[in-house]
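Put together the whole structure using the sequences plus the hints.
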Amino acid sequence: MNLVIVESPAKAKTIKKYLGKDFEVLASYGHVRDLVPKEGAVDTEHDFQMKYQPIERNDKHVKAISSKLKNTDALYLATDPDREGEAISWHLYELLKNRKYLKGKPVHRVVFNEITKKAVQDAIAHPRELSMDLVNAQQARRALDYLVGFNLSPLLWKKIRRGLSAGRVQSPALRMIVEREEEIEAFKSREYWTVEADLKKEGAEFKAKLAQYGGDKVEQFTITEEKQAREVEKTLLEKAGGKLDVAKVTKKQRRRNPAAPFTTSTLQQEAARKLGFTTNRTMRVAQQLYEGVDIGNGAVGLITYMRTDSVTLANEAVDEIRGYIADKYGKEQVPDKPRVFKTKSKNAQEAHEAIRPTSILYHPKDLTKYLSKEQARLYDLIWKRTLASQMVHATLHTVAADLAAGEGNLFRANGSTIVNPGFMAVYQEGQDDKKAKDSDEKMLPLLKEGEQVDLLAIRPEQHFTEPPPRYSEASLVKALEEHGIGRPSTYASIISTLQDREYVELEKKRFYPTDVGRVVNKFLTNYFTQYVDYDFTAKLEDELDAVARGEEEWVPLLEKFWKPFKERIDHTLENVQRSDVTQEKMDEKCPKCDSPLSIRLGRHGRFIGCTNYPECDYTRDLNADKAEAEQPQEVGRDCPECGSPLIFKRGRYGKFIGCSGYPKCRYIEPLEKPKDTGVPCPKCNKGTLMQRKSRRGKIFYSCSTYPKCDYAIWNEPVNEPCPQCGWPVLTIKTTKRRGTEKVCPQPDCSFAEPYEEPASADKGEES
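Position 563 of the sequence shown, counted from 1, bears residue number 563 in my numbering, the numbering being contiguous throughout.
Check each hint, because a few of them may be wrong.
List time: in silico DSBU-like cross-link candidates among lysine-lysine, alpha-carbon distance up to 30 Å [as the list claims (entries may be wrong)]:
1. K337 x K251
2. K337 x K117
3. K742 x K13
It should be emphasised that the hints constitute simulated quantities derived from the structure, not laboratory data.
So, in structure tokens, the structure goes:
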């Protein structure tokens, strides 16, 4: 009997069906050891020796493995084929060896990039030894993260506030978001005008844009005000006389090639664009597809390993895909030679593959009944992208026509027609912040040089330059990859850490830095400039990759990092005051005591306060102007209790409406009226559940008859009875581990089922 160890029970179940009776398959349930959670876990005085301890929650699984080992001939470690997987295998090996469970039994390391019968059996037949290069690269990464976290986070506690943290890769990512916000705030919009002509030929209407005026090229800021635009309009109308002359027609044939198969990064980006998935959700669902789904005859791994930088496809996969294209779409849709894509990542392991279906014959439509909705949508995306990557290019005919309105005045019309859609019949790649219209994608009527077309109107259009867009999950992942910050497998955790620490907020699918995030970023960029520098972070990642390739030793790498970093920690601790970090001087005097004012960080965000505190207690909202702060604004209604005017006030938890007769009258009401969900209260059956905000800004739902009825829940209610216990309402609950579900709010009921959030992003998905 042989024992095979993998990380998860789902993976174990899938692999078991491909191995005979001579193999037992168990799961370690992830990592079995980690650093001791206290100072000194990495001994910087003795070659960075790392002190590990068993992970308590997984120790029972180690004991189960140990028990099985007694009656086995050999141990096969079959964890994931990357640094993390190698480290899990090594930690388990070390733990079993130290506990004397191996007793001379042979230990093999096996890796496979897909969970199929052939891949698993080939791996078992060709085992290797544990790779200490990969293990040491993971140890170095873990040590760096520990040293940064255990030294920088306490410093943030002392200089800013308790509970904060800083990370080796999360800090440069935070810097990106803050710098983009500062760029937006500093942006000054400029006015400019474009001039378009509405044209018609033989019943077909089309548009052209002014490209040359008075013999000069028209650029973005050639026309900057309405008066100038109207003069141009008048002149052109006079010169044209109701017709434009077709001066030049240029026709070209253009090719558009398909995108490469998915890497981890491009999958995360495309799933965010087209499916509205977060990076966490994408990786969770991809993990399920990789580990195996029961498709009627047992669990089958549906995609290859989803943590990869490579765009390579296995030869047998390419052959199968090309055969499928020829059979389903015709031989003319298959290129003469297989498409080979060049991997951008310097550390991509070419032995790994891009993310692809384990077989292109598993058509998405055939699997729909076996998959959850989110699994089906992600698999469909991967399947189409893979198939399209091996199809012929799309052929487009493009036309550019210059139309004259008198001497020296030219309008330009662009258009294109698809001659052969090629891969576009299956899939097109999404784009970030794409303009609603692409002029070169429009159809033009047949135009000939020397002829005239009818001029319907000339339209000057006013525009204003816009600041760069805030990062979405897709564009942030793309920026992280371009700067070499982190690795694709870490992007999801980087983003979730920034949100969990409340350094950034996601509003309308865009990242905004919080006040705390801004202050933390300011502290790090001012006092730890090198360590949030994009190039420094990328270079460190490259060195860690070099360790994984066996080209560099890990201990000297840590020594080179640690000494200057520790000196910077000690210097900042001694020489930087809390006020240097949390206060920003202003060129304005306090209206109460004439002391200087400063922008300060309080418990609930940044505000303007007097530097003479506590002697002077003057404060005002950061975004309120001076006049507004000194003169209370009236709401326009009287207090229902005493008749005094109601005014806008600010307290510990933000703005609210209060009585101007305070403290004699203590009437208050929230600034935002509670939103009625329309869901009847399940407790009293008299009121409805209202969406409200807690003192700390957290959304909750409570009965409209409060205080008569005190029923309240944290999650959004749904007017549906629980099919398990009959409670009148269900709720929508989202967790990292399980995603979004419809659950029963009753504590003694376990009902839960997957819930698909309505997403407008569906409209953008290619068919």
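- Measure nothing beyond the straight line between the CA atoms of K337 and K117; if it is 30 Å or shorter, mark the hint as holding. Cα-Cα ~28 Å, so holds.
- Mind checking the alpha carbons of K337 and K251 for me, to see if they're no more than 30 Å apart? holds (29 Å)
- Within a Cα-Cα threshold of 30 Å, do K742 and K13 meet the stated pairing? holds (27 Å)
In summary, this structure violates none of the numbered hints.
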